[in-house]
Amino acid sequence: MNEQDIAKLFRQHAAQARGADDAALIDDVCAALRAHADPDRDDEPLDRVLALNEAAAIARIVAGLQPAITELADEVAMLRREDVLAAKPWRRRMRPVLALAAAASLFAVAVMVAGLNPTNLDPAAPSGVSHSASPAAGKVAPEYVISTVSFEADGVASAESLHSGRIFRGDFDS
Amino acid sequence: MKQKLERLLSRFGARVKAQIASNALSLHGIDPEDVEQEVRIRLWKALERDPNADFPASYIQRVVVTVMVDAVRRAQVRAAESLPESDGVDVRHEWHSTAPSPDSAALERQKVEAVAACIEQLPARRRRPLQLYLQGFGLQEVADISGLTLDAARKLIYRGLDEVKARLAVMGVED
Chain A
57 MNEQDIAKLF RQHAAQARGA DDAALIDDVC AALRAHADPD RDDEPLDRVL ALNEAAAIAR
117 IVAGLQPAIT ELADEVAMLR REDVLAAKPW RRRMRPVLAL AAAASLFAVA VMVAGLNPTN
177 LDPAAPSGVS HSASPAAGKV APEYVISTVS FEADGVASAE SLHSGRIFRG DFDS
Chain B
8 MKQKLERLLS RFGARVKAQI ASNALSLHGI DPEDVEQEVR IRLWKALERD PNADFPASYI
68 QRVVVTVMVD AVRRAQVRAA ESLPESDGVD VRHEWHSTAP SPDSAALERQ KVEAVAACIE
128 QLPARRRRPL QLYLQGFGLQ EVADISGLTL DAARKLIYRG LDEVKARLAV MGVED
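Protein chains in written order, with my numbering: chain A, 57 to 230; chain B, 8 to 182.
One should not assume that every hint holds.
Now the stretches of chain B that chain A is said to cover, found in silico as 3 or more residues with beta-carbon under 8 angstroms [said to hold, decoys possible]: (1) 21-29; (2) 63-77; (3) 142-156.
Derived lysine-lysine pairs resembling BS3-like cross-links, with alpha carbons at most 25 angstroms apart [unchecked claim]: (4) B:Lys9 <-> B:Lys52; (5) B:Lys172 <-> B:Lys162; (6) B:Lys24 <-> B:Lys52; (7) A:Lys64 <-> B:Lys172; (8) B:Lys162 <-> A:Lys64; (9) B:Lys9 <-> B:Lys24.
Don't read these hints as lab results, they were simulated from the structure.
Since we're looking at a predicted model, the values are computed, not measured.
Where is the CB? At the ideal position from N, CA and C, for every residue including glycine.
Extracted from the complex, chain B is given alone in its bound form (with noise of 0.2 angstroms):
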């Protein structure tokens, strides 16, 4: 029995791994093999816990976000974390040279508040869908979540981008 849940739980956490992976959660600092290694660890410590317990998959689900949360968070407190001192290179003139300059750091915020209040305003049955899309949902995922055909919510993305780019560019924003 025990090793059959090894079995079971190591191949779920090789299919977390992968999926981590796929959609380069590492952007957000987070380290795939750290998430497949913990969601195995909890999934067993609940089981050994309560061995006659239901285990349902709303269950896993909810212990798979719980990990991911905490391996975000992890990843923004390493980050906010101070830098190792440098060996004598002098790290201010990169910096500096690669900052914006506050003028095209202004027009870069203006363009973000504009695009986030053009999205605002749309319908909510549009606006989900082209949310979801923008966040890098496949069409296949956004029309299982927002509960609609794929026909339909690739529709109600088009037009929900172009409401949006021609609110742009009444409002004069351009790229």
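The shape of chain A in the complex, shown without the other chains (with noise of 0.2 angstroms):
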């Protein structure tokens, strides 16, 4: 027997076969067709296809128009896009006016921001904050510091200078 001849027997018995409802033979063409790039395919679904003439038929042609059928879909999607686009006129016309208008704030906010630096502004002033200027920060082991920031103005003396140390200066023995 030879190979004609026996895929004409095959087909034959093909013929006999009874498949299941539409819904699972649409199914099971897709996933026949689809499952051969997944490795850990379920191969039942392409089982049943063979199984039957009409189904192989089906799965034939639709194997063939595959490249068509994802040519198609990317037509179509890069279509769609086109149409968003053309949708949103005035975004893309405003895109690189609005990039300019953002770069214009950003210059102006870096430019006040220059304006106010203490390092601009009169000497004589006191200036808000001050790093490491504190004297108490001196005396202070460093793993006690927890910040060397100190709200008092450089140009204002501290307490302890101002007082020596003493807070209360009256005489309780008299």
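Hey, can you piece these two chains together into the complex? The hints should help.
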């Protein structure tokens, strides 16, 4: 018996087979064609497709159409993207203007911040915050220092220098 | 947009038609023109129904499969319908002369069953590529669907065929 005879008899057998309902048949054909990309595929849909001549013929045609199907899906997606962009022309036109406005705003903020910098103010005026300028900071062991920032202005004398460390000057013996 | 879509769908429809014609699905009573039209109409309706929905390849594939299954079912219903009365020509004589004898029909049935049984006994790795090949898939298609290289698919098919022939010979099934 040669190859053609075997093929003919196999197809005769597949012509006699009864398939499941149409929905299951459609699922099987789609799954059989999709499965080859998946290493953990389920081969049962393919077995069911091959057991029915019509299902096998449909699968063969759809397998041959696969490049055209992928191409159509890509072209429709591209057309959709073009459509979305065309539907919002003002946003597309305004994009460079908005970018320029954002850049100008950032520049303006930067100029304002630079203008408010204490180094540009009158040197005689007390600065708001000084770093490590507090005399007390030098007397405390570094591991106990939480912050080196002092909210006393440089020009303001500390309580220690004004009163020599004494808070109360009264005499209780009198 | 609509015109562009219509052009794309027309081109795709033409490819569906050509593919059906080249694979002789008309043997199953299917008209490629009908399938082409139906595929185009269903895809167009789907696009109109939801213009913003995704339209992935898997969806298009499913539409094509559904249309073809419907077409096969319609063809089967047409074939099952009774033939019109002939104009005085006696068709019974022709029918009797072409029908196989009961003996040859029984022999043919035995061969069909034997071939199916031999194929079924093959290991799955060899059986599926062979079944695909016997169902008319080309070597490259067999390789693609089975996830094999072309060379591996060819070897598995021919080893499978040799094994089936050997089993049939042991069973005493001849031409």
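To see whether the hints hold, each was checked on the structure:
no., hint, in the structure
1, 21-29, "holds (count 5)"
2, 63-77, "holds (count 13)"
3, 142-156, "holds (count 8)"
4, B:Lys9 <-> B:Lys52, "holds (12 angstroms)"
5, B:Lys172 <-> B:Lys162, "holds (15 angstroms)"
6, B:Lys24 <-> B:Lys52, "holds (19 angstroms)"
7, A:Lys64 <-> B:Lys172, "holds (14 angstroms)"
8, B:Lys162 <-> A:Lys64, "holds (21 angstroms)"
9, B:Lys9 <-> B:Lys24, "holds (22 angstroms)"
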